[in-house]
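Chain by chain, the residues run as shown.
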Amino acid sequence: MTLLKMKFNQQRRVRLAQGLWLMSWLAVTGGAFIFCLGVYLKTELLRRDEVMENAEIHVVPNILMMVGLASMGTNWVASRVCQDSLDVSRFPRWKVPLLAWFAMAALLCCLLLTVVVLSYALQGSLEDSLKVGLRNGIRFYKDTDVPGRCFQKETIDRLQMEFRCCGNNNFKDWFEVQWVSSRYLDFTSQEVKDRIRSNVDGRYLLDGVPFSCCNPASPRPCLQNHLTDSRAHYNYEYQSEELNLYSRGCRQALTDYYMGLMNSTGPGVLSLFSCVQMSVLLSMRYLQTAVEAAIASENPEGESEGYLLDKGVKETYQDVRAKVLGLLKFGQVDPSEDASGAAEGAKTADTEKAATPTPAS
Amino acid sequence: MAVMKMKFPFQKRVKLAQGLWLLSWCATVAGATTFTLGCLLKTELHRRAEVMDNTDIHIVPNTLMIVGLASLGINYFASKICQDALDAGRFPRWKNFLKPYFAISCFFTVLMLLTVIMSYAMTGSLESSLKVGLRNGIRFYKDTDTPGRCFQKQNIDRLQMEFQCCGNNDFRDWFEVQWISNRYLDFSSKEVKDRIKSNVDGRFLVDGVPFSCCNPSSPRPCIQYQLTNNSAHYNYDYQTEELNIYLRGCREALVNYYMGLMNTIGAGVLSVFLLQVHTVLTAIHLRFLQTAMEAVAGNENTEIETEGYLLEKGVKETIMEYLDPVLKFLLLKNQVQEGETAPVTA
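Those protein sequence lines, which keep their order, are chains A and B. Okay, so the first sequence: first residue is 1 according to full-length UniProt numbering, each after it adds one. Okay, so the second sequence: first residue is 1 according to full-length UniProt numbering, each after it adds one.
For reference, chain A alone in the conformation it holds in the complex:
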């Protein structure tokens, strides 16, 4: 009981080959586009590399790039097959490669689905990575004289200005860290000495934030210091002040940015592309079966039948399973047969061993 049989005369076969050729070139373009998307996402992730602690999220653009390249190659092969499909002498050489092609195309479709799922699933991992990365960035903000950390200040400043955010969760993260380097503190001053003594670890903590937290949309010049003290500034109320600094935390801002990037490109593009790839796969199957039937019949230019599966779904699945297991068993030792064989082998080895020592002794 064949699955989805269809009749194909010569005219229809030609049309199918032409249509498939066009679609496979479309899929090549789609593959190139997906590769470019992967490259773009990777570049964006690498740009903010310093505030990410691990690179787990990079698996998404890596898979995208691989799928893009693989689909370009696969669909190019499909177009070559189409070109040969109407030539009776050249088509038979594609018989075996086509099996590999089908496996590859199916794998690509699965990978595309995986990528979409992963881009949602890895959000938590991205957030954790950013949490640790930003915490370190804020801690090492003052260390502009320590090799390896001297660019943290500039990185965090530019990040806060570009993404319009302040601190890790919010601006209060800056209150818990000494972000003013001791090189610029006058230790003879009473104020500095008081602040350091009031702290257990001897750190100079302020209720102030760096200038990069300032919001240009604020109607008043930026207030950076003595933020919690409403009396320190004229006409200032700490609780109700909203526009002075950026209220969003940088972890939130970056997560939103990357999720937005992956969600806007992911589902739409990838589902469209996998539709194209699936239709290429199905059309190729029809073309293969129709052309093979035509070649096998007495009249190659006459009518032939094309189908998706030779037997039904269940039977085909069992067939494939048996074949695969057979392939796997080929490498394995068959216990019943080989045991006697091994025993014989051992006997001959023993006799050989017995033979060799005698000359020595």
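These are calculated hints, taken from the structure and not from any lab test. If a hint is listed, it holds; no wrong ones were tucked in.
Quick list of the computed label-pair ranges, beta carbon to beta carbon:
{"#": "1", "chain 1": "A", "residue 1": "278", "chain 2": "B", "residue 2": "281", "range": "49 to 59 Å"}
{"#": "2", "chain 1": "B", "residue 1": "193", "chain 2": "A", "residue 2": "238", "range": "20 to 30 Å"}
{"#": "3", "chain 1": "A", "residue 1": "146", "chain 2": "B", "residue 2": "150", "range": "36 to 46 Å"}
{"#": "4", "chain 1": "B", "residue 1": "187", "chain 2": "A", "residue 2": "240", "range": "14 to 24 Å"}
{"#": "5", "chain 1": "B", "residue 1": "164", "chain 2": "A", "residue 2": "148", "range": "23 to 33 Å"}
{"#": "6", "chain 1": "A", "residue 1": "228", "chain 2": "B", "residue 2": "148", "range": "27 to 37 Å"}
{"#": "7", "chain 1": "B", "residue 1": "252", "chain 2": "A", "residue 2": "247", "range": "32 to 42 Å"}
{"#": "8", "chain 1": "B", "residue 1": "146", "chain 2": "A", "residue 2": "169", "range": "29 to 39 Å"}
{"#": "9", "chain 1": "B", "residue 1": "62", "chain 2": "A", "residue 2": "238", "range": "49 to 59 Å"}
{"#": "10", "chain 1": "B", "residue 1": "44", "chain 2": "A", "residue 2": "238", "range": "34 to 44 Å"}
{"#": "11", "chain 1": "B", "residue 1": "55", "chain 2": "A", "residue 2": "25", "range": "45 to 55 Å"}
Quick look at which bits of chain B chain A covers, simulated, 3 or more residues with Cβ under 8 Å:
{"#": "12", "region": "154-160"}
{"#": "13", "region": "181-187"}
{"#": "14", "region": "207-215"}
{"#": "15", "region": "221-228"}
We put the CB at the ideal spot given by N, CA and C, even for glycine.
Starting from the known structure of chain A, arrange chain B on it as the hints suggest.
Using the frame of chain A, we list chain B on its own:
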């Protein structure tokens, strides 16, 4: 007296038409590119329209866009002529269009070159426009409650952060202007009263700059206030401090940016100009073709060798022939003279 007569075998005619067809399509694409470049420049100038006092500089992108569109049309027209060029039946209908085509094509080619020259010539105008615009921006920085000026603060802040600049000529421009609004000044405080009294106009001037002047590359947290007072900050020397705030003025930064943009675009437009000149020269060959085809017309064998020439009469007479309709249109030539000669010829 024909100018530059040449013999034209059929093969040569075909090659000429094909070559010109290809050239004119390339020139069409180039015309589209010019239009796009003009749009780009216009958008960039428009983005910073708030810090420019006048829009004189906009003539450069406007001309580029017009030239781009015109050359798109002209070269498309030329390619259509080429397609009909080898068909003796269809070619004659283009006869009347060839002269205007040459004239318009030359005009727009020259205009393209003029645009590039203009973009260099207008640097001074751009600078003075920016000078006035930035000065106003800095003056109205504090007026976030005045309708019409309430976005100046945000514009200037974002401009200074994006172009990494401070003030008009340099950061000292902020010392001469009150950029802190009276709404945020405590007039009961002694310090505020002293500052206002020390000033003739009663303005609150500080030797400080807004936060947007701060340079993120500085190793120390930004010092914005009391910039000229070395003792106000630990380990700070006003004269030698370089990285704390941006030292460049915004006028210089913006002029450099726009000049760089116009130089890049100018290079592109110059190459389009060269392509256009090449096309016009090839179109002159088309003139040869036209005259050769006219010799073919009426002859049964269209594949014979014919003669073509550049100009039927001499150069002077041809120029007069071109200019006559233009002058007549502008009513510069005496109409009576034409009326007198007309009955004689009739």
